[in-house]
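K.L.:
Read top to bottom, the protein sequences are chains A and B.
With the numbering used here applied, the first sequence corresponds to residues 1 to 124, in that order.
With the numbering used here applied, the second sequence corresponds to residues 1 to 299, in that order.
Just so you know, these hints were derived from the structure itself, not from any lab.
Note that this is a predicted model, so its numbers are computed, not measured.
In this text, a Cβ means the ideal position worked out from N, Cα and C, and glycines have one as well.
All clues given are correct.
A short list of chain B residues far from chain A (calculated; beta carbon distances all over 10 Å):
hint	residue
1	Asn-74
2	Arg-78
3	Gln-136
4	Asp-147
5	Lys-149
6	Gly-150
7	Glu-179
8	Gln-231
9	Gly-238
Residues from chain A that face chain B, not an exhaustive set, calculated with beta carbons under 10 Å:
hint	residue
10	Arg-43
11	Val-69
12	Gly-71
13	Met-74
14	Pro-75
15	Glu-76
16	Asp-82
17	Arg-100
18	Thr-102
19	Cys-105
20	Asp-106
21	Asn-107
22	Phe-108
23	Cys-109
24	Gly-110
25	Glu-111
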Amino acid sequence: MKRRDVLRCLGGVAVALPLLELGVGHVRAAEGEGRVIELEARRFRYTPNEIHARAGETLTLAIRSVDFVHGFSMPELGLRSDLPPGRVTRIRVADLPAGRWTFLCDNFCGEGHEEMNGMLIVEA
Amino acid sequence: MNTMDRRRFLELCGLGGGAVFASALAGCSGMGAAKNADAADFYFVQLSDVHWGFRGPENPDPTGTLPKAIAAVNALPRQPDFIVFTGDLTHTTDDPEERRRRMAEFKDVAAALKVPTVHFMPGEHDASLDRGAAFQEYFGATHYTFDHKGIHFIVLDNVSDPGARVGSEQLEWLKADLERQDKDAPIVLFTHRPLFDLVPKWDWATRDGAQVIATLMPYRNLTVFYGHIHQEHHHLTGHIAHHSAKSLMFPLPAPGSQEKRTPLPWNPAVPYQGLGFREVDAEPRTARLAIQEFPVVAT
Ligand SMILES: [Cu+2]
Ligand SMILES: [Fe+2]
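Produce the entire structure from the sequences given, and follow the hints as far as they go.
P.N.:
Set out below in structure tokens:
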């Protein structure tokens, strides 16, 4: 069963439960996290804003917001989380399906908010 | 109602010209409005997504487009009972003073409308950066109700929360208001964002929209008009129809038609292409509504 299906079974409005890591230390890979990708969220950009992965891979996005409670939403995979500034929000996604998955800030953060998005490209 | 009915109805109202869209307006069972037997037919005009203050190649006439639409409304042979602006009155700015300047200017320009009754509501561009503070200074409440000739109108705010939530407090308010209505009563709900998941990856959704729709479902004659997506679009959630309006600044691509929701370029061959406003004709006796779309045209 794909994670997407599991999320759908949970009612279609699945929300990632981020593992919050307080403080500003190095991002530590925990068991089962898969590959950890560090991202920065700041008005009005994610860095990096293009992530590459392979189908079936497990990823953990470790996102540090620096200036606002940005959002991270990848609606097609049923993932979303707030990104409180000054800490790292970890979002794990297992068994990635192949495709081009848009992610976007879904908390209105200012003049460039509508351009704050990126792409997770998962090769088959 | 079917096409025949609508055409007859529009003829009844003496409304010619303009394209008549035969899109399904569900919620028109026509069963429940007996109480409104005496209510006269009327129509209102919906204007949306003015984005006052926007500057960019997508619209080389950013200060002239709204006045053109207003002139077209003022020239309608019979004036509407009221006008509604469904949000994004102004284009967003990080500067609170500039935000207020844009609102004041917009208000001045909109004052040229001959119709005395104008209802406003915010879009995320107006309200999401200050939780509606500037909007309220200039236009008042961000959610409210009013009644007109037997139809109950609800204005719902899904933008003052930067996370696009209606929120539990407003949801309770909505429930309390609806409880006072008959399940067959003709009800029109105005809001800015789509209440259903139109294209979530373009932010075309309301985070707690499913709860709102669940609250609306028991009402058999309820129709939603909204903005945000800068084009005409018609969608059904069960029996409830949702109709989005065109913008008066720049059009956006068809839902999900491309990777990014970038504004459509200005077409010099057809200036103002994709921009416009609509009339909504209401027949309270039967709870029927009909839509006519009008383009902005070069003068
Ligand atoms: Cu909007
Ligand atoms: Fe807009």
